[in-house]
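Heads up: the sequence shown runs through residues 1 to 1162, numbered per full-length UniProt numbering.
FYI, nobody ran anything at the bench for these hints, they're computed from the structure.
All C-beta atoms, glycine included, are put in the ideal place defined by N, C-alpha and C.
Some clues are possibly wrong.
Quick list of the computed label-pair ranges, beta carbon to beta carbon [said to hold, decoys possible]: (1) F108 / I383: 23 to 31 Å; (2) R535 / E643: 33 to 41 Å; (3) K488 / R1073: 30 to 38 Å; (4) P334 / R1065: 34 to 42 Å; (5) P837 / S49: 51 to 59 Å; (6) R132 / R647: 32 to 40 Å; (7) D28 / K68: 18 to 26 Å; (8) P837 / K1026: 57 to 65 Å; (9) F638 / L988: 24 to 32 Å.
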Amino acid sequence: MKTLRIQDFICEKPRKKPFGTITFLHVDDAERFLQAHGEKPNPLGGFKSNLKLMGVSVCCKSSRYPPKPFALRTLEHEAQERAKGHRERPEESVVFGMQQYSCGRCDFVGEQLTYNPEVQWSARGTIKFKTRSMIVHVIPDCRIRIPLSTIVSLIYSTDGTLTVTLSDVPFFFKVIGTSYNSLGIESSRVRLSNLGNGHDQIVGQCLVYQFKVSVVDFRANIEKLKDWEITIYRYNLTTARPLLCSQAVSVEFHKLLSELAECTRNRSVPFGILFQLQALAQNAYLHPTTSRKLAEGLRKRFAEDKAAGRDPITVDGMRKLFNMIGWPFPGDDPQVYEVDFLVATLEANHREIQDGFAYREGLHENTVNMTKVHRVNVTPTRITLHGPEMEPQNRILRKFPNHHEYFIRVQFCDENGGDLLFNANVDYKDIFGRFKDIMTRGIQIAGRTYNFLGFSHSSLRSRAFSSPFVDDNGHMQTYFSIVSAIGKFSHITSPARCAARIGQAFTETPFMVPLEKHGVLVSTIPDLTSPDGSRVFSDGVGAISREVVASIWADIPLKKGNPTCFQIRLGGAKGMLAADSRLRTAVIQIRPSMIKFDSEDMKNLEICNMASRPYPMVLNRQVIKILEDMGASKDWFFQMQNEELTRLQSITVSTDKTARFLKDKSVAECIGLYRLYRQCYWTRLNYKKDGFLRAIVEAVVLRELRLLKHKARIPVKKGMTLYGVIDETGFLQEGEVYVTFDRMEGRYAAHPGPGHILVTRSPALHCGDIQRAQNVIPPEDHPLRYHRNCIVFSQKGSRDLPSKLSGGDLDGDLYHVIWDPELESVETFAPADYPRPTSIDIGRDVRVDDMAAFFVEFMRSDILGMIAIRHMVMADQAASGTRDTSCRLLAGLHSKAVDFSKTGIPVNMEDMPRVNRYRPDFLAPGPQTRLYNKSKIGLEQHVSHANYDDDDDDADVEEPYRYYKSEKILGKLYRAIDEQSIWRKHVLSESETDEEFFWNSVIDDCLRRCKSLPRTPREEHLDEAKRIRAAYDDAIISAMDTYSDHPTKPISELEVVIGSIINRRGVQTRRQRDRSNKLHEEFDRIATWITSIMRRQEIEDPDPNGLELSLACLYHGIQGSDSGHRKEVYGELKSFRVVAACALLAELDHRDKADPKNCFTM
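Could you put the whole structure together from the sequences, leaning on the hints where they help?
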């Protein structure tokens, strides 16, 4: 094609077929191709080939069929993008011939860095460095994929040796002709957990791979790699003789486990310390021998401390050690990996922690709502140990407050920390077999065996495991006793449903109200149903009196406001409780539809969530497509998108708008971050002089911009997202609702008046998932007027409205409400009416291995995301959109897939409508987001390879997706946003930073506001500030580790402060969204505690004035953070000074209000 100068063509070949097609955009290109390579008449009769591909004769002729319309549209789109200069990043590669390879460790032997091979393979093949991965093809049928992001360093020597140190285990595959995965789909590769030959014994602890390669073009290839983002050393690495080191790691690791088990049996070392010692070796931080010697040393140290009455080394001191251990590399100091140095480091950590104990106490102590829990990751190749981490309590943890170390949170994930996503080309049978084995066999930690216990239904891939223990009453607690105390499950004979019911006790419940203490009576009332009894209108919702609501308000933080609707767990009941002001005593009324199993554990009302504030309504791609099919005006969509674009473009123009934006988005709301920007506005100080403050704004604006373009998250001013509850009074008639919410000081639009509104919920795939309702305003003194931040549904009619909205109910579902008059005339379609799903029934009591088998089947067959994407593609390609028969079928399959976690019945892939390989352009990947120096954010100019996926081992072997220009509204909205232009013209700041000038100016402004403040803080305040900062930095680093998807790569400090994980592809994964929500809460917890110390709110002091200490913290924060390995991994931490500045401003505001004579306001 290059010779013929033909650019616009698509070549397709069906699998297992002896023919293919080439589609050309231009007829003259096709004619030129046929003229050069078309079949020629054979003098002997028939035709002969005029083209050879890979030695095979290919006959080419004009097709009898017209070209596929979407193939032509794809070629047109690609030609247009090429003309605009929107090129994909060119795919580069560097190739080495491989002769043999091995897996082992790099450790220091004396002063010499030495490679110790544990397993070796004499196999030939090739090593290909590509844009994002290093691919090792091993003859005949093995493939290893190493993401370049996991390569810590590459050491080469001139004899043709490449030694690669990794942060993670690679991805291993066996390449096969044809295999069939569990869903009956052909797969070309089988995912492996190890490479055989004893590799399974050391794969998790040995992260160094050495390759002997051909010296042909060796120097030239190395020179090419030096231009890549890989750390490369030239070093003659010593290799230990195989006989001296073979399987040493495996043997030493088992010795370590024996040592730790002995310490557990004789209680010579606390279990929390033993957990960290096993993690140091199991997670490949230290050689097992080193970890074992460290354990022996600590055992003696604990005995000495006990005899002398000294405070022993703490778990927090051990955890800091992880941040200080690097990977051995040429020129490193061998001493830092020796036991004596590690013990000295632990002692220094211990002294620092004890010195600042008063400042750390509130960050690490268990509370009634938060507790520390250890976490374990199970991947296809290994098991890694993490934590303990603070997380919300649940019923089980509250029941055993002094035995939390006997429970662990287990996450089943891929090597990079992400979900194991369905891939039709990969067979995961070996991996899922391994997962099932671990769930039934248990996990060994320091002599304890942790076995499967249960899971929270909201996070199916996260499980709770427990180890037997004796509780405070002297009773032995095992799986059976713990589950029996939750409730009675013998009548549930479906593994999926039984697991879901047991899982209610594992739901995170951040708040708890003891019922007996408040004299609360729990009663059962009938469900509200349709006249024929076929529909339950009150499915999942009960009532609660005002007296109980007041008791809840007294037990929750002030910032939660005064909610009247609560998502709860109570014994065997789950769902919503909504206030009914007509109830006169302290009473909770639950309904049969809420009760999932019988339980006598009714002491506490556990609260998962509450309607403490409304959620702004934003559209998504599914809702937009249905609205388009309903007849919504294209102008309406563009008007709302343009308003949001104009707002985003103006945010960095005025610092006042910047402050308002950060407040609206609740960015670091706990410290009042917007105040610092507002102070800059008042004093005409340019916040962009500080790199971190600038990065906060750029990161949040870019996040919103990318959500707008790539997810169509368009805010709807006349819209809101609210919890759904039932009208207990019977005031609302059929088809009527009542919408009520807090306007948040005018931040949100006025309430909808009486009239038509649209109601929906997510996910919405069926064309009837958006329905019209009549909003009604009850009289001023009516009980419904007591509600806040919810939509109240009627109890009258033949079918309840929530069930019409993609099968919704009232047990905690959120509903989207739109009352924009521009949508008054849209047409609504009949809602879906799927039969109530049935569950797999095994006809006997459910055992642990039954639930384990279900979980593995769930991970194997979870194709919810695939169905949603296919629905978007088919809705775009079908003339009737979501009303098309295929789209309705997919909506039904999606509903079945949602229920799979409760029914145990997966979607049959044979029921899925087939789709072509062409996708609308709004599904195409965009430029990647990059973080430079851990804090500066950027947007790459080049677009990623259209089909390249880091979860795939070699994307070029597959037919890539091709994208066409969508003429539906989603395509037009997508193309209307030029994110590169907006980013560079309106968001990115190229001005020089001057952080010293900026912060000195902030201090000068504060000193002008309060004349009594000394310009230089007292020495005792600076010493105190140093200890506060140490506690704060440790907590931030812990959050950077804890909330990263990745087991070894922390997120940035910037992400912690903004409470949002930055996905380099622009849009967060499901797991990243969940983690971001928790990250936001964690920074809130950390910063609130530290701010209270700075402001002297947590320390009894005769002079509670926190001005001087806040100023001292700001002075100390301006100084650079610590250096060494920790700084290399986590970057220079800069947020402490931001927190201190906000504390200082809050103190000044407080002083202004308390005594205006002492201060004056700018």
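Hint check results:
At about 27 Å, the beta-carbon gap between F108 and I383 stays in the expected band of 23 to 31 Å. A beta carbon spacing of about 40 Å between R535 and E643 agrees with the range 33 to 41 Å that was offered as a hint. Look at K488 against R1073: about 35 Å separates their beta carbons, and that is inside 30 to 38 Å. At roughly 40 Å, the beta-carbon separation of P334 and R1065 lies within the given 34 to 42 Å, and the hint holds.
Under the hint 51 to 59 Å, the C-beta atoms of P837 and S49, about 56 Å apart, fit the expected range. Between R132 and R647, the C-beta spacing of about 35 Å keeps the proposed range 32 to 40 Å intact. Between D28 and K68 the beta carbons are some 20 Å apart, a value that agrees with the proposed interval 18 to 26 Å. Between P837 and K1026, the C-beta spacing of about 60 Å keeps the proposed range 57 to 65 Å intact.
Against the hinted window of 24 to 32 Å, the Cβ-Cβ separation of F638 and L988 comes to about 25 Å, which satisfies the hint.
The structure agrees with every numbered hint stated previously.
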